[in-house]
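Colleague: What follows is each chain in one-letter form.
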Amino acid sequence: MFPMVTGFMSYGQQTIRAARYIGQSFIITLSHTNRLPITIHYPYEKSITSERFRGRIHFEFDKCIACEVCVRVCPIDLPLVDWRFEKDIKRKQLLNYSIDFGVCIFCGNCVEYCPTNCLSMTEEYELSTYDRHELNYNQIALSRLPISIMGDYTIQTIRNSTQSKIDEEKSWNSRTITDY
Amino acid sequence: MSLPLTRKDLMIVNMGPQHPSMHGVLRLIVTLDGEDVIDCEPILGYLHRGMEKIAENRTIIQYLPYVTRWDYLATMFTEAITVNAPEFLENIQIPQRASYIRVIMLELSRIASHLLWLGPFMADLGAQTPFFYIFRERELIYDLFEAATGMRMMHNYFRIGGVAADLPYGWIDKCLDFCDYFLRGVIEYQQLITQNPIFLERVEGVGFISGEEAVNWGLSGPMLRASGIQWDLRKVDLYESYNQFDWKVQWQKEGDSLARYLVRIGEMRESIKIIQQAVEKIPGGPYENLEVRRFKKAKNSEWNDFEYRFLGKKPSPNFELSKQELYARVEAPKGELGIYLVGDDSLFPWRWKIRPPGFINLQILPQLVKKMKLADIMTILGSIDIIMGEVDR
Chain A
1 MFPMVTGFMS YGQQTIRAAR YIGQSFIITL SHTNRLPITI HYPYEKSITS ERFRGRIHFE
61 FDKCIACEVC VRVCPIDLPL VDWRFEKDIK RKQLLNYSID FGVCIFCGNC VEYCPTNCLS
121 MTEEYELSTY DRHELNYNQI ALSRLPISIM GDYTIQTIRN STQSKIDEEK SWNSRTITDY
Chain B
1 MSLPLTRKDL MIVNMGPQHP SMHGVLRLIV TLDGEDVIDC EPILGYLHRG MEKIAENRTI
61 IQYLPYVTRW DYLATMFTEA ITVNAPEFLE NIQIPQRASY IRVIMLELSR IASHLLWLGP
121 FMADLGAQTP FFYIFREREL IYDLFEAATG MRMMHNYFRI GGVAADLPYG WIDKCLDFCD
181 YFLRGVIEYQ QLITQNPIFL ERVEGVGFIS GEEAVNWGLS GPMLRASGIQ WDLRKVDLYE
241 SYNQFDWKVQ WQKEGDSLAR YLVRIGEMRE SIKIIQQAVE KIPGGPYENL EVRRFKKAKN
301 SEWNDFEYRF LGKKPSPNFE LSKQELYARV EAPKGELGIY LVGDDSLFPW RWKIRPPGFI
361 NLQILPQLVK KMKLADIMTI LGSIDIIMGE VDR
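So the sequence lines, in the order shown, correspond to chains A and B.
If you're matching positions, the first sequence starts at 1 in this note's numbering and goes up one per residue.
If you're matching positions, the second sequence starts at 1 in this note's numbering and goes up one per residue.
Everything hinted at is true.
One side of the interface only, derived from the structure: several residues of chain A facing chain B at Cβ under 7 Å:
1) A18
2) F53
3) R72
Just so you have them, the derived chain A footprint on chain B, three or more residues with Cβ under 8 Å:
4) 57–71
5) 143–152
Where chain B lies over chain A, by a calculated footprint (3+ residues, C-beta under 8 Å):
6) 23–29
7) 73–79
8) 108–120
FYI, nobody ran anything at the bench for these hints, they're computed from the structure.
Ideal Cβ placement from N, Cα and C applies to all residues, glycine included.
Next comes chain B alone, as it looks inside the complex (with noise of 0.2 Å):
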């Protein structure tokens, strides 16, 4: 038995695509040196579905139940950018409602998404009770969603213009409940983990990451302002209406895993704090702009004002993207994520290219796992948060 004799009788591993702490089908080859990492390379692709060219031949409307697949656990936000692309393309204004609407959905998203990596996390460090835990909330989250949309995580809510249907009778008030008991079990995750002594150990001063690094690399979302970095495309490109209300960007300066950790808690009580806001002072109002089927030579009156012609019910299964390219992006859980959109004066986008924010971070993972220990693989790739659904699309 011969086996390939390297420098100092390395010894590859290959970890996943099946093993359960990766997240998915993410495939890392790692060269081990006894215990420390030498080298360290994913491979990715096992969950490749072509999700950029199914949208070259879909229009929106047909393109938005496949947008939830992308991000499973932050399935908002992908319908979010998929309608928010085509509105600035045409320059559709959403009505108020619809748009605090939008936010409430968004923020309740991003605390399921970080709810479901606190889980997976913590059971990658060896805490098992967490992850029980965290299915307790975020379930409340799903029936919320479930009460307005239809559907736990494949919502298909959004539209073009606004949301698909409003807000059912007596949803703001068991969204407020939610909201109130969440707080608490914020509280009581942080009493059973934050100050933990093992838990400590594991993730202090593991995958750090410098501002300057974060950077370079193109991080984005709390693996950014982990690193002391206030970025956050809510505060930076307004969009919705996230300008109306009180709330901070959550950022820590250590850049370790355990700053990330402390970020994305900070981020749900901040969640917290907007949903509350929203639903106190959500307007009424049309729920759907009802602009998008007008004719063009109506558009003469105010939006919403008194004059104003309703025409159609809904927006039409025909919407035409005009010749034209932009970017797009919201701030999802995980990061930025973005559409880079060109029109084609049809139905169909010419080219509908995701930024997807797991991509991005995923890439300094074998920078940071090098001359780490074995176990810190799963600390770091716990940490960076990705969701192989939207890493290979």
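Pulled out of the complex, with its shape left as it was, chain A reads as follows (with noise of 0.2 Å):
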């Protein structure tokens, strides 16, 4: 009779205890109905990358000498790039020039490996298409710059809080640089 009586109180006592741990926990809880959300709606809003961000890779096709370097140091040599030698100016000339971006893993090497800074990466991410072929992108697909979100009137941008005004008037000067 008597352990069944200190059994039931020292579990009555335990569930006080829980109650009042879950109770300090709700109050935890309750306390972030005050915030705002941490996500954002993404098709709709976009947070602007940092200016390191590594997108899609751009390419100038006049600035490249064919040394090859990006192929070197890509884990899986992926830039093609075709070229023929010229004896008459003896230089290596430039033909073609194309990354895949169904396979590029945006590691970046290339670009800072380039000696002449004719490849560099921009903000662009959304590179989802139908056709994976479509992603493989010759030196003309490179060459293009991707549209600034700035300018696109159908996204509303966030700002991350830290950044400044100072920040606010370069990235429409950007936008200006950006969008034709």
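Quick one: dock chain against chain with the hints and give me the complex.
Modeller: This is how it looks when you write it as structure tokens:
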């Protein structure tokens, strides 16, 4: 009889303890009702990417000297550099250049090591297509500039709170440069 | 219908590889007697990509983007060991600033990894709320990473002899803000979790590992420190500049899942302490060792001295590994992450053996879950903290 009573008592105490801590947890949860959501409605709102963001690669045909450093530092030797040695000018003449973005992992090695800075990373990251062969960009597709997020009036851009007004002016200027 | 009749009508249950609480693609074949676990056989290899073999056909620069795919939650550590091993092999010094940047990045990455351990661990125990809270803080860390490196997870930031780029303007302040914010976050987690009796019932005394056992099984990281052994490679090996900061090794002596939880929570606080100190006294100077490309005969002047001549801008993509071998290791959030590197006087490593902490820590699992209940498998597996990307490689 006696152990049963003490058993009930300790069980009751445990229950009260559990209820108290659940209450405490709920207070913490409720304290979160007062804040704004952290997520954004992606296709309609977009956050501005950081300056170093590694998106689709931009390529300037005229700057390239066909040295193939981008191929050597690429983990999978992806960039396809098609050149011919011109005897009269004793230079390599670049004929074609293409990168398959279906395979590229955007590690940025090629951009980092390019001696003439003809490669650069853009802010474009929406590369979905219905056909994966469309992702194989040749030099013409590679030289297209991405549409600035700021310039797209259907999209509301979300600014990081830490970015100051100077940044704001700068990005508006960059819009006028990027957006023809 | 005839089932193989075993000793006491044992039931064999297959958990995984698609089970949500298997943390990836781990498969467990569990032999059950009612609710009790009689035997457990882990089956690995569902995420095997041949990372060691790939390394043998890549220069270090080419291989760096791959390494973040081992342990994809503690990405900076895999990069750190990938550059540390060749650096030690070739005796390359790195500038102080680069070393400090590395420390800050590593500790941020440690926090991110521990956070994404905490969330799923609690979710395994049935507490879903922390799973959403941790993503808030983790997102801030990844914002910091994106600002400095260009990507959230696949950074490709560390280079032989330094880091790829200096910290962007204003990053330091942002990092300090994060530290202040995160300390409050940790307090919130502790209020939410640590004293909760339901949580304590699930973890106290579950998955006990004694100190001797932990050493004998080769465990490392929080698994080892939760069993009362104060072994932290940051203190033991003195790599990077960890000896210049004031911090303590987090350890507990109980050896159960609760102790492992406490060790990890404590480590997050210690990491914040390290970051705050590192950010406070980060020196100026080059962020990259520009010596890597120097000719051998010009090596008379002292490193970073006035007379010192910097030659190259970037470390050469044709970085050659001399014919030596060594074992380098760092303290990753999951334990000791090591590389056994054999050079062959060529651009490619002759052998690139990875010692992943998760793989070694996982081997104690069958012993821990025996004679426990079925529901305790989740707790124990969660407290081990495995990432199948590095277990299978």
